[in-house]
Each structure stands twice: as structure tokens, then as C-alpha cells.
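Student: Take a look at the letters that make up each chain.
Protein chains: 2
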Amino acid sequence: MAFSRSGSVSFLILAAFFAVLTNQALSSRVTPFIELPSSIADLESQSDLSVGSYCESWRLAVETNNAGSWKVVPTKCVSSVAIYYDKGQFARDYNVVANYALAFARTIKLGGDGKDAWVFDIDETLLSNLAYYSAHGYGSEPYNSIAFNEWVVEGTALGFRASVRLFNALKKLGFKIILLTGRDEGQRSITESNLRDAGYSGWERLLLRGHKDQGKAAVQYKSEQRESMVKLGFKLHGNTGDQWSDLEGFAVATRSFKVPNPLYYIP
Amino acid sequence: MAFSRSGSVSFLILAAFFAVLTNQALSSRVTPFIELPSSIADLESQSDLSVGSYCESWRLAVETNNAGSWKVVPTKCVSSVAIYYDKGQFARDYNVVANYALAFARTIKLGGDGKDAWVFDIDETLLSNLAYYSAHGYGSEPYNSIAFNEWVVEGTALGFRASVRLFNALKKLGFKIILLTGRDEGQRSITESNLRDAGYSGWERLLLRGHKDQGKAAVQYKSEQRESMVKLGFKLHGNTGDQWSDLEGFAVATRSFKVPNPLYYIP
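Residue numbers (the working numbering), protein chains in the order written: chain A, 168 to 434; chain B, 168 to 434.
FYI, nobody ran anything at the bench for these hints, they're computed from the structure.
Just so it is clear, the structure is predicted and the values come from calculations on it, not from any experiment.
Among the hints, erroneous ones may be present.
No copy is singled out in the list; a pair is fine if it fits within one copy or between any two copies.
Straight line, CA to CA, 30 Å or less: simulated DSSO-like cross-link-like pairs of lysine-lysine [to be verified]:
| hint | residue 1 | residue 2 |
| --- | --- | --- |
| 1 | Lys-383 | Lys-402 |
| 2 | Lys-383 | Lys-276 |
| 3 | Lys-339 | Lys-238 |
Looking at chain A on its own, in the form it has when it is part of the complex (with noise of 0.2 Å):
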């Protein structure tokens, strides 16, 4: 769904001075009874006005993991998605995440043996697909492996400030980086080269699918692979990534973190 600049720019000045009157309206009523639509699809029928209202709430249930398993973007919201990240209110909130993990990095007394250790999915976590996705509709088509990997093999993908930040200063403060994601073991070497282009570098590990992780869900595949790392010894203090998927499951860090990501659900 296309939209223009110029367009949603004056729909927000509209959206502004329409809310200020309805705010005005039910400013004596009691905030729990505010009468509300009774269901999602009473809500997509909503006028336009109210969109940016649910897309907000549906993107609030995508990052908390109400939504569950969810396939595409809702056409009403892609627009919306667009904006989050156009806008910057995405760049501000992954800003937030990141001073949020580097605090609590802060407060771990290392142990010296070179075992402690951060773990960070790739995509959406430390590179930017957002230029695939803009191509692509925002997250509202259904995901085409075919193109998506012509995409990642261009190895052009954008670091994102926050997490190259995150990424150096957790390694200034002595933990070793276990880069682990969903990508496949052949996709190595172009992940190594886009990582560095990226601004990444001084990784200790990182782990691709292999052979035998062909066909495993997400959740399986990345607890085996900690597992694997706490095996080693590792002490997973911190673990960085945009998908539930990431961050659930066994052999959990002590602290998670989820980096905001509309644009698609892995399950």
C-alpha cells in the first residue's frame, strides 16, 4: 500500500485538531467506561481517523507477544509502519532498548575467564533490512524466501546506530559476542563481509543453521545453540533480538531484550 509523504503529513494535522475535539467530548467521562468498539473487526471498520489509534495498539500487541503468530502486516496499518520507522520513533525506541541492556551490562561484575558473553540475532537486531521491506510493502506481503535471500546475499544491509553502539561498548566492557541467527551456513561469508561493512567487528562466535538444523523452528533451534555456548562455559548474561523466537525457550539469558520489529513474525 503506497502512500505519500505530503499526504500522511497533512492527515496528521488533520488526526490532531479531530482529536483534540473528540478528546474534548469525553473529557467528563470515566476513562475505564469510554465506550470502545467490541472487536478488531469492529475496529477495522472504524473511519480513518481512528486508524493510527489501532495500529498503534496492534503494533503495542506485536512487541509484547499478545498477538501470537501473525502473518502479515493489516493493510490499514502498513502505512503506519512506514511512519514508525520514516519517522524516527523507531530508531528512538531501539535508542531506548539499547540504554536499557547497557545499564544492566553495567552491573555485572565480569568474571574474567573470557565467559562472559552477549548474544545477538543478526537480522532486524544488527542489520536493516528495511530497504527490502520498503521494497516489499512494509511487512503486508507474505514472505518470499526466494527474493528475500537475493536480498541477503547483495550484503548490503545497514547497521542500525543503537545496536552498533550496543555492540562496542558491550565489548569495551569485556563480553564476548555470540552472533547467532536463523540464516543459513552457506550465507556465512556475506554475513561476515556485510557485518563488517555494517560496523561490526571482534565477534568470538557466529552460528548459522546447518545441515542438521534444516527444517527446526526458530525457538528449538536458537535454545539448542545457547545451550550449546553454556555448554562451552559461556555465561549468557545478555540476549538482543527483534522476534520472540528469539528470546524464548531454554538456556535463556539473564536478561532479554526485545528490539522492536513490525515487519514480520518468525515463529
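Since the structure of chain A is already known, use the hints to place chain B on it.
Tutor: Structure of chain B alone, referenced to chain A:
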């Protein structure tokens, strides 16, 4: 921190116009590399114009548990929290949570043995203490157990439209409702009458903290109580709570639904 309704409304309009100017200035830049402040301290030193964006990031960090344990709402975000409730976004968010919970509940084939259960927390999940918190700084004041318990025994907390709807729909589907609260056993009677006044009835169990539970961390107490229900043969399909300590630990439900709560954190 007090704020005037008309003042905040004027601010919204002003903020919308400034946002337009700012966004146009940024529109030629690539999102992942937009210049951002490098710490929470930097963010907090910025002008009021960015406060809304920061507080949105803070609230997302709280809801995803990225913020971990926190004591009080940051001073600069108190107005944002008040607006979140007053302008209805909280109610809209909860409505969407309830829709996802109900959509999941409808996928479950019930056993017909009266053991299919759904767990609800009470405060800020079924009953709103917003009247108390709005009179006590919207989460900006440290928890005052004496003042809060005086409010609880008044028994005048309101229900949320979304939770009353979810509660009744789950009952109608045949789920047994288990209420699990950090409230004290001594508050059983007032809690029951408050729940009825707020529109709830026909729950299967109401579990409160007894003598042996005093001093236990919420996640331990609630996990033990859920486990005791599992031992009685209940299948815990869903769990709805506003705290991560309602939803984590052991004997967790198949699906957990996080109700937004930017007012306080219970470790």
C-alpha cells in the same frame, strides 16, 4: 507533576506542527542512521518537544520488560502517562489485547470436564486503581502500602470495559475463571464485593496471599498458586495480567496476555 488539560491540548497541536517541520527536515536521510542522542541522560536533557517520543519509547520498554525492574514513572513522563489514560489509548490497547485473548480462546477445544481454566490477575487487570493513582501522581510517587490499602478497602475500584467483556466471553465459552491476586486473604470479602460491583461474577476460585505467602516475590507466589491449580487438574489455557510477574515463572499458561500498565512495576 500536575498538568492542565487545555495546556496539554495546545501542546499537542504545537507538537504536531513542529513534528511536521522536523520530519520534513529529516525526510532525505536514511532511517538507521538518523542522529540520535546516545543515552537516556541525553534524551532527558532535550527540549519538551521530544518528551512525547521519549516517553513512548519508555512505555514500550516497560511493556516489553526491556526496562526490567523500575521504581517510579520518570518525572518527565508523568503527563504522558496521564494522557495515555485520559485520551483513551490505554482503553484501546486493552481492547485489542482482549480481542487477541478471545481469538485464541475460541481456537481451544474444551475437554468438557470443567477443568479448562483461564487465570486473571485483579489489580490493573480486572479492577482499575486509576482513581487512586491519578490522585497520587500517576505512578511518580513511590508505593505507599498504607495509603493504597486504605483505597483497596473502600472497594470502589471500577472494572475495565475490555476485561468485563473478556471475562464474560470466556465464561460463556465454558472456561473456569481463576482469580490470582497479590492482595491479602484479609481483603477477600471487600475484593469479592468490589469485583461484583464492577461487573464480574461466577469465578471458580479467588486465590489471595495467605500467611505462608507473606514476603514471597510475586513471581514465586503466583507460580506456586498456578502449580497448585494444575495439580488439581486444571488446564491453564490463558493468563491475563498487567505485570510480567503475573505471567512468568513456572506452571505458566499456554498463552499469556500482558495488559498495559505504565503506572507501577511489581518485581
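Student: Up to 30 Å between alpha-carbons, please classify Lys-339 paired with Lys-238: within, between, both or neither.
Tutor: between (39 Å within a copy, 29 Å between copies)
Student: Treating 30 Å as the Cα threshold, decide for Lys-383 and Lys-402: within, between, both or neither.
Tutor: both (24 Å within a copy, 27 Å between copies)
Student: Is it within a copy, between copies, both, or neither that the alpha carbon of Lys-383 lies no farther than 30 Å from that of Lys-276?
Tutor: Between copies only: 27 Å across chains, 35 Å inside a chain, cut-off 30 Å.
Consistency with the previously given hints is maintained throughout, with no hint failing.
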